[in-house]
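Student: Now for the letters of each chain:
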Amino acid sequence: MPQMTDERVHAGLIHEEDLSLLNEVSIKTAGVSRLEMCIQCGSCGGSCPVAMDMDHTPRMLFAMLRAGMRDEVLRSNTPWMCVSCYHCVVRCPQDVLIADVMYTLKGMAIKAKLYRDSTPPDFSQTFVGMVENYGRSFEFGLASRHYLTHFPLRLPGMAGMGLGLLTKKRMHVKPRRIKNIDQLSAILEKAKTLELAS
Amino acid sequence: MNEYLLYPGCSMESSARAYMESLLAIAEPLGLNLKEITDWNCCGATEYVGINLIPAYSLIARNLALAAQQKNGMKAVVAPCSACYLNLAKADHYMAVRPMLGDKVNDALAAGGLHYDPGTLNIRHLLDVIINDIGLDTVKSKVTHPLHGLRVAPYLGCMVPRPDYQNRWSDHEHPTELDDVLKALGADVIDFPMKTSCCGGHMTQIGPETAFELIRRLMYEADQYKADIMATVCPMCQLNLDAYQGEANRFFGTNYKMPIVFFTQLMGLAFGIPAEKLGFGLELVSARTALKQIGVEVPIKEEPKRRKVEGLPMPPRLLLKGNNGKKRIKEAAK
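From first to last, the protein sequence lines stand for chains A and B. Every letter in the first sequence is one number past the one before it in numbering that gives the first Met the number 0, and letter 125, counting from 1, is 124. Every letter in the second sequence is one number past the one before it in numbering that gives the first Met the number 0, and letter 14, counting from 1, is 13.
A hint or two may mislead.
As the list claims (entries may be wrong) - Here are the simulated DSS-like cross-link-like pairs (lysine-lysine), alpha carbons at most 30 Å apart as the crow flies:
#1 B/K276 / A/K168
#2 B/K141 / B/K300
#3 B/K139 / A/K178
To be verified - Here are the computed distance ranges between Cβ atoms for each label pair:
#4 B/K276 / A/R176: 27 to 33 Å
#5 B/E275 / A/E15: 25 to 31 Å
#6 B/G280 / A/E71: 48 to 54 Å
#7 A/G128 / B/Q69: 25 to 31 Å
#8 B/E2 / A/M68: 50 to 56 Å
#9 B/D170 / A/N132: 24 to 30 Å
#10 B/A26 / A/G11: 28 to 34 Å
These aren't lab readings, by the way, just hints derived from the structure by calculation. C-beta atoms are modelled at their ideal positions from N, C-alpha and C, and glycine is treated no differently.
Using the sequences and the accompanying hints, generate a full structural model.
Tutor: Structure below.
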């Protein structure tokens, strides 16, 4: 049972490094993931709108987790392809929190530096950097930095669209900062010292 | 009067400005009193949770803690943006079912002098409030300019009907709530089979070819059903289908011109509010032709006029020849 393992880790009865990969991922996931309940039915892959671009369907990935294939799992592009549409989540007969497990795997891949394409993690990190600085997202800064680094060739084709968004004031040239950014920074500083599984 | 705390979210101030403008315009006729949460911060979208879990949930929970302080007897927090709605609802839900998460998030919040007890707030999406609190009868009673003859494809996207922690929606994949609102406005509502299919989310930024395919499927389907316009409840859906439709068209060699607007904009039109007060004209794929069919004119904002001079815009040699040159430019401009 996920809750039991969770409680035992919390109570210091089991150490994180002694856990199976499947349990480790399950515990590091936000809700009660029920990952160990997967019956390999494949409803997830069959429901997924981007399965065609994934290295492994979610079902395959979960089988690999159970087999302890840490490197292969963390190198898979599957979590990075997930669009968080939650089709698989509502169709899963075992109520596995598939989308949240994908978030966990992304975080683990970043920590282990095991992703193959740096575009998605860079985008996430640039976005988070802006939010940590300003407390709000800053689309113009994010888009210009991201496209210049990763998709310079897309820029000419996108110029019209970007200009449209700017002239219609649907994108601000300057970032907006929340008033109590110090409070937010203090919260995030503290949060970064905490982990769910320890 | 229905009073709610409003969590607008970042996009409502920028890319989804039309959503905010039209929401404020229809709030009064609907008797909706919205109080913005003071000093709210970004919800982290779908990005922060993939990097670092406790900071991601603490970022969301700061908003919940602030909202709980400012609640003052109000019923609920309303979020018009799907991703914001889901993030707030998810943090509230997971902090309750996974006390270990709740405790750690509260440890972090304490560093900023805040605290949040999960379950204190009711997190709701705008569409849910309109359907369940205000009611279709009230909506119908405010309609003065029914949208007869406008074929609308209702498009909710993913994060409002799913995962649905509180079982608020009629169905997770084919909910009928948005259809009902649009029907109450008098529109011809299409039974749109892809109403909760994905718009591509952040893939337009990190895996464009994947995103273009998802956009193409939606455009194809809306076109097959002969929709004049799509109506959405989500800023991300609107941005992806509106701003990247051109790029997707170029990628596939298609020529879709499907306008996509917010459902609140159509509500405003049906209530007789002028189009310019509802953010029409801000969409990149213009809704002007679709609206003309039902007799709504969207005024075109005057663009700065360019001087008409033949040839390339070089500093004209003519000018060097004194006043005579200026006259000739004027003549050329005629």
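Student: Does the structure break any of the earlier hints, and which numbers would those be?
Tutor: When the structure is compared with the hints, numbers 3, 5, 9, 10 turn out to be violated.
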